[in-house]
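Peer 1: Here is how the chains run, residue by residue.
4 protein chains.
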Amino acid sequence: MHKIGIIGATGYTGSELVRLLHSHPDAEIAIITSESYAGRKFSEIHPQFKGIVDVTLKPADDIKSVQPDLVFLALPHGVSMDYAKDLAEEDIKVVDLSGDFRLPSRELYEQWYDKTHTYPEGIDRAVYGLPELFRDAIKGAQLVANPGCFPTGSIVAAAPLVKEKLVDSKHLIFDSKTGVTGAGVKPKLVTHFSNVNENFKAYGVKTHRHTIEIQETLSIVGKENTTAQFTPHLLPVDRGILTSAYGIPVKNITPGELKQVYEKYYGNEPFIRLQETDPEIKNIRGTNYIDIFPVLDERTGNIMVFSAIDNLVRGAAGQAVQNMNLMLGIEESRGLNTIPLRP
Amino acid sequence: MHKIGIIGATGYTGSELVRLLHSHPDAEIAIITSESYAGRKFSEIHPQFKGIVDVTLKPADDIKSVQPDLVFLALPHGVSMDYAKDLAEEDIKVVDLSGDFRLPSRELYEQWYDKTHTYPEGIDRAVYGLPELFRDAIKGAQLVANPGCFPTGSIVAAAPLVKEKLVDSKHLIFDSKTGVTGAGVKPKLVTHFSNVNENFKAYGVKTHRHTIEIQETLSIVGKENTTAQFTPHLLPVDRGILTSAYGIPVKNITPGELKQVYEKYYGNEPFIRLQETDPEIKNIRGTNYIDIFPVLDERTGNIMVFSAIDNLVRGAAGQAVQNMNLMLGIEESRGLNTIPLRP
Amino acid sequence: MHKIGIIGATGYTGSELVRLLHSHPDAEIAIITSESYAGRKFSEIHPQFKGIVDVTLKPADDIKSVQPDLVFLALPHGVSMDYAKDLAEEDIKVVDLSGDFRLPSRELYEQWYDKTHTYPEGIDRAVYGLPELFRDAIKGAQLVANPGCFPTGSIVAAAPLVKEKLVDSKHLIFDSKTGVTGAGVKPKLVTHFSNVNENFKAYGVKTHRHTIEIQETLSIVGKENTTAQFTPHLLPVDRGILTSAYGIPVKNITPGELKQVYEKYYGNEPFIRLQETDPEIKNIRGTNYIDIFPVLDERTGNIMVFSAIDNLVRGAAGQAVQNMNLMLGIEESRGLNTIPLRP
Amino acid sequence: MHKIGIIGATGYTGSELVRLLHSHPDAEIAIITSESYAGRKFSEIHPQFKGIVDVTLKPADDIKSVQPDLVFLALPHGVSMDYAKDLAEEDIKVVDLSGDFRLPSRELYEQWYDKTHTYPEGIDRAVYGLPELFRDAIKGAQLVANPGCFPTGSIVAAAPLVKEKLVDSKHLIFDSKTGVTGAGVKPKLVTHFSNVNENFKAYGVKTHRHTIEIQETLSIVGKENTTAQFTPHLLPVDRGILTSAYGIPVKNITPGELKQVYEKYYGNEPFIRLQETDPEIKNIRGTNYIDIFPVLDERTGNIMVFSAIDNLVRGAAGQAVQNMNLMLGIEESRGLNTIPLRP
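Residue numbers (my numbering), protein chains in the order written: chain P, 2 to 344; chain Y, 2 to 344; chain S, 2 to 344; chain E, 2 to 344.
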């Protein structure tokens, strides 16, 4: 039984980590910390856990005293980096769920996040935690940068295209639609019920930080400079991201061949389900699955790939547990075998 | 490992049974039947199960060939009774999720359901499957009538009041609000998105069949003729029933004493959570919990009890599995320890 | 053309007043004020008005300079009272949409609102602005207290019962369910999308301020001390209140007689629609209508009355305009003849 | 006062026409027909109209007896064509809201609609009713083909780009998201509440009929063969379409120049609002407005245009009334000056 610490468990990512780890057969939650709520019960902050997880929240300083095998950082970007540095010095394995270590260079981080990075060595050390693409590196990592929610769905959708150099790398479009929980647990104008309900809009056009994460990761994966046009939109639902990706083929390809490409890369993946019809976010709700549907439109010549994930599970806590399993030598899908909650 | 059959798995109740039983440590699904979809995969009908439960649906006639230890009937009322009779002859244990065996007499059934009952012996034989009230009888039953969704939340809310004869048994009011899945998987005008979304209304006022189920069960529990005024309303959500029950005290009681009454009856129940604030349906989503909050308004003198359940789990499939556990000698909460999916 | 001022137009009530008055044939908006946004355009705060109402917001001090015929106070309780006093001194007609003048006595106000009242003469002077019950007094009033949203639907539902002394005045129950906009324009935990969406709960049980407003008004209307048990619940919709009222008859009555009672009081009212089936909040969305459905359950002996209103229109801005029409000698329904927006 | 007929008023488009025309100052509804409900009241079918529009529905044969100045056909495609032919013979002006006359040729119609066209002369005679692009032709038309909901938002978004030949006409992408009312009033699996709520997906990928309508109209407008990649998605909301259009510039252009292009074409249009931030569907709900936001991403070089419409108003009934105004010599925006219903 591995001992796990969670730093910062008062957001949605934190509560999802607890939900998943509570019934993980090979891991036990040794400590949950919160600076603002230390001393209170976890179930006071997340009342759905009443009678299930009633442990007292600790200050983050207590983390080392429990000698954890692995620590999850469920903190805002800019806050994670110092904890990551500290834990690296103790050689404690870390999965960081913030954006602090996802980009390949300090310069890109400081440009897109508008913040000085205090642990640039961590950027070099960190492995990008997308298991289907970087499984082996994750297994040996001390620090894993858990991918952003939008990048997870977008990169997995497009990776086979860029790996096989099937599409024009300068004109990749990712039109993504996300549930509201991506905006976090704190009330804001943008998450006020009547601003979301019966509404729909794009946001962060041209400037969303996940843009550069998608672009840089695909450039690495495809070994070629790639340009990503990424547009997030806000859905009046709690959970789920559907991404509609568009590419312009640079080679002749048939629908059957396109399907074979996806089967080659993902056919044996435990958490990727290749679909033959339009993915729906409700079919993966609460789970770690990625549903993917690649389409060639022979009339227009375009390739489209649709992907559906749960932003809190595959886009955050679930993928983090998948990374934990790899890092600790646990079977990759342990603790993640839940069935989608539909309806 | 107990072998379980599910007859009629194409509705929401059926898919919830499969969701819960698939990961039950002591039970395995030996057969799932459907008359309309026999020969097709379960995951074709419920695509969220793709890659998880892909078994082929069988005709109901195949049920006996697998020699099940227990069969769930997830069928409409009027259809269940014949299967129940048939399985009784084979002495196979049955949990029936329809309304066919919930009322104490054939007369009441035929009056409220407007249908001839073809297996009246079953009415006498059946045990009403509300474990917190009838646990011992359930353990020995061959046929359990799984309670209706509204009755579950209403009866559990009011049972301590009628048992202790705290309130006027002629003036019990149950104002209930349910999610849409209670209306089933088939498209109808009443479940058409734009008729439900941004809308709210009462329905079945005076005539809903769960009225008599609530009233008769409370009469048995309280050993006194009880009159229930039950009003269901339709919420624009998928899952969940909140019931607001109102009673007029016939004895002096303090808030502290009221609380003690509920602790006496439910303090040790694994699936009842006594709350000190207003229950929310999202705090029990996807689980077998009943959250209950009893309140005495000293200004008006009234007692109010609020209860929250998931209509598909505690109001149907979850309670059915709880009954199965009791009937098969399995620990009562096995396979039901999921954490509420919130947000 | 009457000149109208609106003080405090940055909440939902303010924007609804502007929506209704903008196309009112006999009234023109002379000034809209806001302390926090003075100098900015109204359509910057409420972007749906872009190109329609782009006027600049003024400080409240400018109100007298436009010599308005009537002023709406769309302010929080506790803030309204000083403005009302000030405008009374200038003998300017006022419709106050806060709770400051709705209760019959300073003592009740200070007890339920936990606040000192600085203009108690206003309490005596104010007329309760529910036109169907107090039409003549409203016509002559300088100060009208616009009713609360819940009280509007509850009082109109029960008034015929208490006037005719048909029910036990000690056991009136109002189980109300409201859309989220009743909680205002500011983001809070209770209005955070994921706390409302797919959720439902009671709130303010025993303590909600509208309780005393309902009780006192019905006591006046029925000329008898009345006890109201009022329970609000929060619906995951923007607009609309459905109230399910329950009473215990103290006289023999038939369903036909009950219907006649309601026709007697409301049969000729332009904004009350007597229904013969369950009212739905979507059928009155965006309008000033009250849909009412009285029911006698002969099995239990109880009377139930269901009422549906739009909390922002009939529960606030629409009723305010109806009061304005009466106070200024305009035909009562002018400017209020919109058709419900359904679907 | 012009006399207007509506054929087929039992769908959402029909009820929206009645909502708009009921308060139109220069038009009166002379007859509403329905084959399935003739003899019943309009308000029985659409209960929100109770007490407002209670007229009796007539059979379509009665239409000529009222000598209408203009008739709206609110019928399914394939059904409209015969009525259109019949009314043309009487020289009665017609606005057809189906897809029967929107495409430029019989061949395209029969290919994409999989149906024989029985009135091909109507295809030649019909004017495409998008006033901002074809205003003069509409004024003189006997038969106007009211545009589809998706094409309205997509074509208006992209027309300035193709007119000015700013983008590669072979790579136009329209990623559209629509509310559920676009799927009509009849319950189907795809409109079943629990299949839409908390869900999101693409549908009709590659094959949706609006694809060819967008492509052909833009080819006419831009005088160049254009290829449209159109992907509709289903939002869990009642009303509204947001389209995110993507184009690859073929000329150098600055953000300021792009803005000027849109001002040149739309700056004086009464129903187009050029925005400087992301359009939201709730800001145009219930109205005839099109909110448009053109964006140049200098990093990627792509042009994006976002447009928001109400699918039932600007995408159907409102645009039909706008066309009626033009055809009958009424000022274009008469009867269409409602304010968006937000929140």
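To be clear, the hints were calculated from the coordinates, so they are not data collected in a lab.
There's no promise every hint is true.
Stated by the list, open to error - Here are the simulated DSSO-like pairs of lysine-lysine, each with C-alpha atoms no more than 27 Å apart in a straight line:
(1) S/K260 to Y/K207
(2) P/K51 to P/K171
(3) S/K164 to Y/K207
(4) S/K166 to Y/K171
(5) S/K189 to S/K42
(6) Y/K171 to Y/K189
(7) P/K51 to Y/K265
(8) E/K171 to P/K207
(9) Y/K164 to Y/K207
(10) P/K207 to E/K166
(11) E/K265 to E/K252
(12) S/K207 to S/K116
(13) P/K252 to E/K171
(14) S/K116 to S/K189
(15) P/K260 to E/K189
(16) P/K224 to P/K252
(17) S/K164 to S/K260
(18) S/K265 to Y/K207
(19) P/K116 to P/K4
(20) E/K265 to Y/K187
(21) E/K189 to Y/K51
(22) E/K51 to P/K166
(23) S/K171 to Y/K164
(24) E/K187 to E/K51
(25) Y/K51 to E/K207
(26) Y/K265 to S/K207
Peer 1: Work down the list of hints and note, for each, if the structure agrees.
Peer 2: Hints versus structure:
| no. | hint | verdict |
| --- | --- | --- |
| 1 | S/K260 to Y/K207 | 16 Å, holds |
| 2 | P/K51 to P/K171 | 51 Å, violated |
| 3 | S/K164 to Y/K207 | 25 Å, holds |
| 4 | S/K166 to Y/K171 | 21 Å, holds |
| 5 | S/K189 to S/K42 | 25 Å, holds |
| 6 | Y/K171 to Y/K189 | 36 Å, violated |
| 7 | P/K51 to Y/K265 | 19 Å, holds |
| 8 | E/K171 to P/K207 | 23 Å, holds |
| 9 | Y/K164 to Y/K207 | 25 Å, holds |
| 10 | P/K207 to E/K166 | 23 Å, holds |
| 11 | E/K265 to E/K252 | 18 Å, holds |
| 12 | S/K207 to S/K116 | 19 Å, holds |
| 13 | P/K252 to E/K171 | 17 Å, holds |
| 14 | S/K116 to S/K189 | 22 Å, holds |
| 15 | P/K260 to E/K189 | 31 Å, violated |
| 16 | P/K224 to P/K252 | 18 Å, holds |
| 17 | S/K164 to S/K260 | 15 Å, holds |
| 18 | S/K265 to Y/K207 | 25 Å, holds |
| 19 | P/K116 to P/K4 | 33 Å, violated |
| 20 | E/K265 to Y/K187 | 51 Å, violated |
| 21 | E/K189 to Y/K51 | 23 Å, holds |
| 22 | E/K51 to P/K166 | 62 Å, violated |
| 23 | S/K171 to Y/K164 | 25 Å, holds |
| 24 | E/K187 to E/K51 | 21 Å, holds |
| 25 | Y/K51 to E/K207 | 24 Å, holds |
| 26 | Y/K265 to S/K207 | 25 Å, holds |
Consistency with the previously given hints fails for numbers 2, 6, 15, 19, 20 and 22, ordered from lowest to highest.
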